[in-house]
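J.: Use the sequences and the hints to build the structure in full.
Chains as they are written, first to last, in full-length UniProt numbering: chain H, 1 to 347; chain B, 1 to 347.
Think of the hints as simulated: they come from the structure by calculation, not from any bench. A few of these clues could be false.
Listed next, the in silico DSSO-like pairs over lysine-lysine satisfying Cα-Cα at most 30 Å (straight line) [to be verified]:
{"no.": "1", "chain 1": "H", "residue 1": "270", "chain 2": "B", "residue 2": "196"}
{"no.": "2", "chain 1": "H", "residue 1": "176", "chain 2": "B", "residue 2": "228"}
{"no.": "3", "chain 1": "H", "residue 1": "343", "chain 2": "H", "residue 2": "81"}
{"no.": "4", "chain 1": "B", "residue 1": "299", "chain 2": "H", "residue 2": "196"}
{"no.": "5", "chain 1": "H", "residue 1": "270", "chain 2": "B", "residue 2": "274"}
{"no.": "6", "chain 1": "H", "residue 1": "151", "chain 2": "B", "residue 2": "228"}
{"no.": "7", "chain 1": "H", "residue 1": "262", "chain 2": "B", "residue 2": "89"}
{"no.": "8", "chain 1": "H", "residue 1": "196", "chain 2": "B", "residue 2": "151"}
{"no.": "9", "chain 1": "H", "residue 1": "270", "chain 2": "B", "residue 2": "270"}
{"no.": "10", "chain 1": "H", "residue 1": "309", "chain 2": "B", "residue 2": "309"}
{"no.": "11", "chain 1": "B", "residue 1": "151", "chain 2": "H", "residue 2": "210"}
{"no.": "12", "chain 1": "H", "residue 1": "228", "chain 2": "B", "residue 2": "151"}
{"no.": "13", "chain 1": "H", "residue 1": "192", "chain 2": "B", "residue 2": "228"}
{"no.": "14", "chain 1": "B", "residue 1": "309", "chain 2": "H", "residue 2": "196"}
{"no.": "15", "chain 1": "H", "residue 1": "309", "chain 2": "B", "residue 2": "299"}
{"no.": "16", "chain 1": "H", "residue 1": "262", "chain 2": "B", "residue 2": "151"}
{"no.": "17", "chain 1": "B", "residue 1": "274", "chain 2": "H", "residue 2": "262"}
{"no.": "18", "chain 1": "H", "residue 1": "309", "chain 2": "B", "residue 2": "196"}
{"no.": "19", "chain 1": "H", "residue 1": "228", "chain 2": "B", "residue 2": "262"}
{"no.": "20", "chain 1": "H", "residue 1": "151", "chain 2": "B", "residue 2": "262"}
{"no.": "21", "chain 1": "H", "residue 1": "34", "chain 2": "H", "residue 2": "89"}
{"no.": "22", "chain 1": "H", "residue 1": "176", "chain 2": "B", "residue 2": "196"}
{"no.": "23", "chain 1": "H", "residue 1": "151", "chain 2": "B", "residue 2": "270"}
{"no.": "24", "chain 1": "H", "residue 1": "262", "chain 2": "B", "residue 2": "210"}
{"no.": "25", "chain 1": "H", "residue 1": "274", "chain 2": "H", "residue 2": "210"}
{"no.": "26", "chain 1": "B", "residue 1": "262", "chain 2": "H", "residue 2": "210"}
{"no.": "27", "chain 1": "B", "residue 1": "274", "chain 2": "H", "residue 2": "196"}
{"no.": "28", "chain 1": "B", "residue 1": "192", "chain 2": "H", "residue 2": "228"}
{"no.": "29", "chain 1": "H", "residue 1": "309", "chain 2": "B", "residue 2": "228"}
{"no.": "30", "chain 1": "H", "residue 1": "151", "chain 2": "B", "residue 2": "192"}
{"no.": "31", "chain 1": "H", "residue 1": "196", "chain 2": "B", "residue 2": "176"}
{"no.": "32", "chain 1": "H", "residue 1": "274", "chain 2": "B", "residue 2": "176"}
{"no.": "33", "chain 1": "H", "residue 1": "192", "chain 2": "B", "residue 2": "196"}
Protein chains: 2
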Amino acid sequence: MEAKGYHVAVVGATGAVGQQMLQTLENRNFPISKLTLLSSERSAGTKVTFKNEEYTVQAATPESFEGVQIALFSAGGNVSKQLAPEAVKRGAIVVDNTSAYRMDENVPLVVPEVNEEALKTHNGIIANPNCSTIQMVVALEPLRQAYGLNKVIVSTYQAVSGAGAVAINELREQSKAILNGDQFTPEILPVKGDEKHYQIAFNAIPQIDKFQDNGFTFEEMKMINETKKIMNTPQLQVAATCVRLPVETGHSESVYIEIDQKDVTADQIKALLKDADGVTLQDDPSNQIYPMPAHCVGKNDVFVGRIRKDLDQENGFHMWIVSDNLLKGAAWNSVQIAESLIKLQLV
Amino acid sequence: MEAKGYHVAVVGATGAVGQQMLQTLENRNFPISKLTLLSSERSAGTKVTFKNEEYTVQAATPESFEGVQIALFSAGGNVSKQLAPEAVKRGAIVVDNTSAYRMDENVPLVVPEVNEEALKTHNGIIANPNCSTIQMVVALEPLRQAYGLNKVIVSTYQAVSGAGAVAINELREQSKAILNGDQFTPEILPVKGDEKHYQIAFNAIPQIDKFQDNGFTFEEMKMINETKKIMNTPQLQVAATCVRLPVETGHSESVYIEIDQKDVTADQIKALLKDADGVTLQDDPSNQIYPMPAHCVGKNDVFVGRIRKDLDQENGFHMWIVSDNLLKGAAWNSVQIAESLIKLQLV
Numbered sequence: 001m002e003a004k005g006y007h008v009a010v011v012g013a014t015g016a017v018g019q020q021m022l023q024t025l026e027n028r029n030f031p032i033s034k035l036t037l038l039s040s041e042r043s044a045g046t047k048v049t050f051k052n053e054e055y056t057v058q059a060a061t062p063e064s065f066e067g068v069q070i071a072l073f074s075a076g077g078n079v080s081k082q083l084a085p086e087a088v089k090r091g092a093i094v095v096d097n098t099s100a101y102r103m104d105e106n107v108p109l110v111v112p113e114v115n116e117e118a119l120k121t122h123n124g125i126i127a128n129p130n131c132s133t134i135q136m137v138v139a140l141e142p143l144r145q146a147y148g149l150n151k152v153i154v155s156t157y158q159a160v161s162g163a164g165a166v167a168i169n170e171l172r173e174q175s176k177a178i179l180n181g182d183q184f185t186p187e188i189l190p191v192k193g194d195e196k197h198y199q200i201a202f203n204a205i206p207q208i209d210k211f212q213d214n215g216f217t218f219e220e221m222k223m224i225n226e227t228k229k230i231m232n233t234p235q236l237q238v239a240a241t242c243v244r245l246p247v248e249t250g251h252s253e254s255v256y257i258e259i260d261q262k263d264v265t266a267d268q269i270k271a272l273l274k275d276a277d278g279v280t281l282q283d284d285p286s287n288q289i290y291p292m293p294a295h296c297v298g299k300n301d302v303f304v305g306r307i308r309k310d311l312d313q314e315n316g317f318h319m320w321i322v323s324d325n326l327l328k329g330a331a332w333n334s335v336q337i338a339e340s341l342i343k344l345q346l347v
Numbered sequence: 001m002e003a004k005g006y007h008v009a010v011v012g013a014t015g016a017v018g019q020q021m022l023q024t025l026e027n028r029n030f031p032i033s034k035l036t037l038l039s040s041e042r043s044a045g046t047k048v049t050f051k052n053e054e055y056t057v058q059a060a061t062p063e064s065f066e067g068v069q070i071a072l073f074s075a076g077g078n079v080s081k082q083l084a085p086e087a088v089k090r091g092a093i094v095v096d097n098t099s100a101y102r103m104d105e106n107v108p109l110v111v112p113e114v115n116e117e118a119l120k121t122h123n124g125i126i127a128n129p130n131c132s133t134i135q136m137v138v139a140l141e142p143l144r145q146a147y148g149l150n151k152v153i154v155s156t157y158q159a160v161s162g163a164g165a166v167a168i169n170e171l172r173e174q175s176k177a178i179l180n181g182d183q184f185t186p187e188i189l190p191v192k193g194d195e196k197h198y199q200i201a202f203n204a205i206p207q208i209d210k211f212q213d214n215g216f217t218f219e220e221m222k223m224i225n226e227t228k229k230i231m232n233t234p235q236l237q238v239a240a241t242c243v244r245l246p247v248e249t250g251h252s253e254s255v256y257i258e259i260d261q262k263d264v265t266a267d268q269i270k271a272l273l274k275d276a277d278g279v280t281l282q283d284d285p286s287n288q289i290y291p292m293p294a295h296c297v298g299k300n301d302v303f304v305g306r307i308r309k310d311l312d313q314e315n316g317f318h319m320w321i322v323s324d325n326l327l328k329g330a331a332w333n334s335v336q337i338a339e340s341l342i343k344l345q346l347v
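T.: Below you can see the structure in the form of structure tokens.
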């Protein structure tokens with residue numbers, strides 16, 4: 001008799017997102033019959049606790065995936081490129097949190113509130129979108145469905161945890177040094193491995209990921225291209241400016257949209273988002289209620305507020321969208337995809 | 001024989017902006033024959049050093065302005081409403097850094113790089129615009145003149161020093177408390193005197209100044225209305241979302257514009273801004289060169305970078321504008337207005 005549950009592997013189990021994946025699997029009481037925790041050679045041997053049981057993290061190899069049914073990858077694009085096909089070859093469905101397969105035509109890019117049905121077309125690998133993209137499409141899809149959507153201009157306010165645990169540590173240590181009047185040397189941000197590093201504490205850096213020739217960063221292009229793929233709207237106009245802030249966790253976005261319909265009010269949009277899947281409306285300016293990163297940490301929802309009609313454009317609206325980038329932006333969306341796979345009997 | 005110089009008064013001499021005004025007057029070697037330092041009753045008696053001489057700050061009264069030729073006000077809107085007319089009555093020209101007179105039809109609202117000529121229409125009071133507006137119009141006016149400008153959408157990343165010395169202190173103390181795991185109670189931000197106060201350290205607050213009924217904050221409406229007045233473009237479409245960050249000094253802005261001309265390239269815009277008054281172009285993505293608040297502190301210029309053409313709109317461009325909010329956003333622009341008054345022989 002088969003155990004009631006699935007053999008699940010977490011690849012990158014010791015990282016910032018991997019840790020949140022384990023926490024989320026535990027919180028959701030995800031049906032697990034066997035749990036395999038994998039990492040790079042460097043982190044292998046680390047002890048990790050899941051549901052009061054201690055696990056030893058093992059170095060990921062192709063053979064690690066024998067018998068695995070669901071593999072959640074979050075160990076960098078290169079690891080995914082190398083090992084995701086090996087996992088699929090051995091019968092696993094891969095939910096990949098890196099950018100390796102997101103724009104691959106054969107790979108569905110899924111946010112369950114938006115395009116859960118796309119899971120049915122999978123060929124073994126399912127891509128989890130970029131964190132800043134996920135929270136935006138969760139808030140915009142209900143508007144697109146109700147009113148049509150033709151233009152999106154977003155400026156982001158992104159937390160350092162998107163750049164991993166080393167970036168969180170850099171923010172903390174730099175903040176301490178500045179407050180104490182001590183010297184410090186930036187070593188991680190804005191982009192680990194890029195040529196120059198800048199102060200993030202008490203600063204704002206308009207670079208996330210490397211630059212493309214067109215002047216946009218890869219992070220900005222991810223938001224532009226992934227939004228169109230997830231919503232299946234190749235004609236949608238999307239523009240993004242992505243900025244890193246001295247915030248530990250919680251991405252915020254100032255979003256301007258133009259919808260197709262011209263007679264819609266801000267109150268109608270609020271009413272729609274109040275009932276939307278995965279959205280919590282926090283929009284009561286007279287009581288100073290609006291979303292903020294410090295209040296979203298540890299929560300799965302996308303928080304939306306500051307919804308108001310543009311003063312010139314009758315189909316234009318502004319809003320402020322905040323979510324925990326490690327949860328809905330990564331771990332929770334991945335686990336949610338796994339839950340959808342079960343629900344749709346695809347695993 | 002008249003002394004070579006002017007009798008200058010600084011009202012609010014002990015505040016964050018007042019201190020920068022004195023520093024700027026000293027740095028510029030502004031022609032001063034007599035200096036009168038004024039403040040509220042509360043701060044009267046404070047000793048302040050200017051050019052190695054010690055001054056005692058006095059409580060401002062109508063009589064304080066006898067003989068004053070140029071009065072720089074930065075002590076809050078109520079002080080300006082009460083005392084600016086008294087100063088004018090006694091023959092002074094007032095440069096007012098508060099919002100008290102900015103939208104008054106009889107008061108020119110001046111950024112010298114943009115509308116210095118408007119000074120000629122003054123009736124005693126000249127208004128210094130809001131900090132976030134000033135840096136934006138310095139960067140946009142050359143584009144408006146060259147190509148025509150019809151739409152501006154800005155999202156701001158504003159430093160706490162715009163809310164005064166108490167807000168700087170709150171950011172520092174809160175940051176220390178959080179890093180040490182200590183308790184803290186927000187008391188100042190987002191708006192001193194408003195009902196609720198929120199954590200600013202390691203957070204982002206989408207509220208600067210109080211809310212209007214239309215869902216925009218007063219700060220956002222200042223950017224919208226003042227931009228049109230300074231540029232003398234009532235038809236210009238402007239929208240703003242203003243956000244407070246855990247940055248001490250230096251406002252940043254993610255700005256999207258649409259110009260009238262359709263065949264302009266990003267390189268042309270860069271070339272134009274490279275030679276523009278008051279602008280320093282910092283735009284070399286391949287070498288990770290772009291403006292940041294941490295690098296603009298103590299400098300008078302407006303820094304512009306990340307200039308790129310929109311991927312859909314052929315007359316659309318994105319850019320990132322940074323400046324020291326206490327200098328070009330306040331003290332330096334005020335002193336610059338005073339210098340223009342001398343140059344134009346208006347004082």
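J.: Looking back at the numbered hints, which does the structure fail to meet, lowest number first?
T.: 2, 5, 7, 8, 9, 13, 15, 17, 25, 28, 30, 32 and 33
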